[in-house]
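Undergrad: Sequence:
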Amino acid sequence: MSNLATVFPPPPFYYELFTEANWERAQNLNGQAPDEELEYLVPPPPPETPTYRGFGSIWNTEEKLVPLKEAGVEQLYEDLGPNNENLVPELKKLLKSVLVNFVTLVGIMSINPEQFPAKVDDLRVLFINIHHLLNLYRPHQSRESLVLLMTEQIAARRQEIVEMKASNQEIEQRIKTLVEHLPNLTQMEPTDKPESEWGQFDLEVDKLP
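Here the working numbering is used: the sequence shown runs in plain steps of one and ends on residue 909.
Be a bit skeptical, because a hint or two may be false.
Claimed, not checked - Straight-line alpha carbon distances no greater than 30 Å define the calculated DSBU-like cross-link-like pairs of lysine-lysine that follow: (1) K792 x K764; (2) K792 x K819; (3) K865 x K876; (4) K769 x K792; (5) K796 x K769; (6) K793 x K769; (7) K819 x K796; (8) K793 x K819; (9) K764 x K796; (10) K865 x K819; (11) K819 x K769.
Claimed, not checked - Here are the computed distance ranges between Cβ atoms for each label pair: (12) A866 x T749: 26 to 34 Å; (13) Q775 x V800: 17 to 25 Å; (14) H840 x Y752: 23 to 31 Å; (15) S845 x W759: 33 to 41 Å.
No lab work stands behind these hints: they were computed from the structure.
Ideal placement from N, C-alpha and C gives every residue a C-beta, glycine not left out.
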């Protein structure tokens with residue numbers, strides 16, 4: 701019994717400090733040093749070392765795609781070139797190999813099922829190679845996603861500019877109309893007019909576009 705351990709460790713003690721009151725206090729620190737209760741609510745600074753510890757594991761801040769050979773996996777594709785220009789053709793080759801090996805696996809399962817583990821391992825290596833090539837596309841995907849996001853933001857800002865110009869033109873037109881009707885409205889003497897004529901004055905203003 702002494703060797704037994706819980707699968708999930710208990711939560712850390714500082715989870716009780718994450719209250720709404722403490723959170724509001726942490727938002728109003730304005731660069732001041734937090735006290736003991738708010739210390740855990742302040743986000744930590746970026747790590748200065750290339751590694752950091754989180755959830756009991758060591759993590760690397762520098763994202764690096766480990767080559768298949770270093771990971772102990774057979775590399776089935778050829779050299780991709782300096783700019784990965786051969787990536788798409790190699791992906792197509794691997795996909796065709798997956799189809800061929802899958803058909804072969806189906807045939808083996810129908811004739812001699814005891815020999816299927818070797819073919820399953822071949823498929824596993826093929827899928828690892830495909831996954832590795834797809835990971836090489838991540839930087840390109842990130843750039844394209846950023847381009848799409850910026851394009852959408854630019855389009856939204858241009859639409860806002862168009863709407864603001866339309867509003868400005870409408871306001872200018874209303875001011876121009878008011879200026880044109882202003883001489884007629886100012887001819888009425890407010891001090892000498894009874895209340896009924898003041899109502900007529902309001903009606904004239906309401907008729908303006």
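Undergrad: Decide, hint by hint, whether the structure agrees.
TA: These are the hints, each one checked on the structure:
no. : hint                    : verdict
1   : K792 x K764             : holds, 25 Å
2   : K792 x K819             : holds, 20 Å
3   : K865 x K876             : holds, 16 Å
4   : K769 x K792             : holds, 21 Å
5   : K796 x K769             : holds, 22 Å
6   : K793 x K769             : holds, 19 Å
7   : K819 x K796             : holds, 15 Å
8   : K793 x K819             : holds, 18 Å
9   : K764 x K796             : holds, 28 Å
10  : K865 x K819             : violated, 67 Å
11  : K819 x K769             : holds, 21 Å
12  : A866 x T749: 26 to 34 Å : violated, 54 Å
13  : Q775 x V800: 17 to 25 Å : holds, 19 Å
14  : H840 x Y752: 23 to 31 Å : holds, 27 Å
15  : S845 x W759: 33 to 41 Å : violated, 23 Å
Hints 10, 12 and 15 from the list above are not met by this structure, while the remaining hints are.
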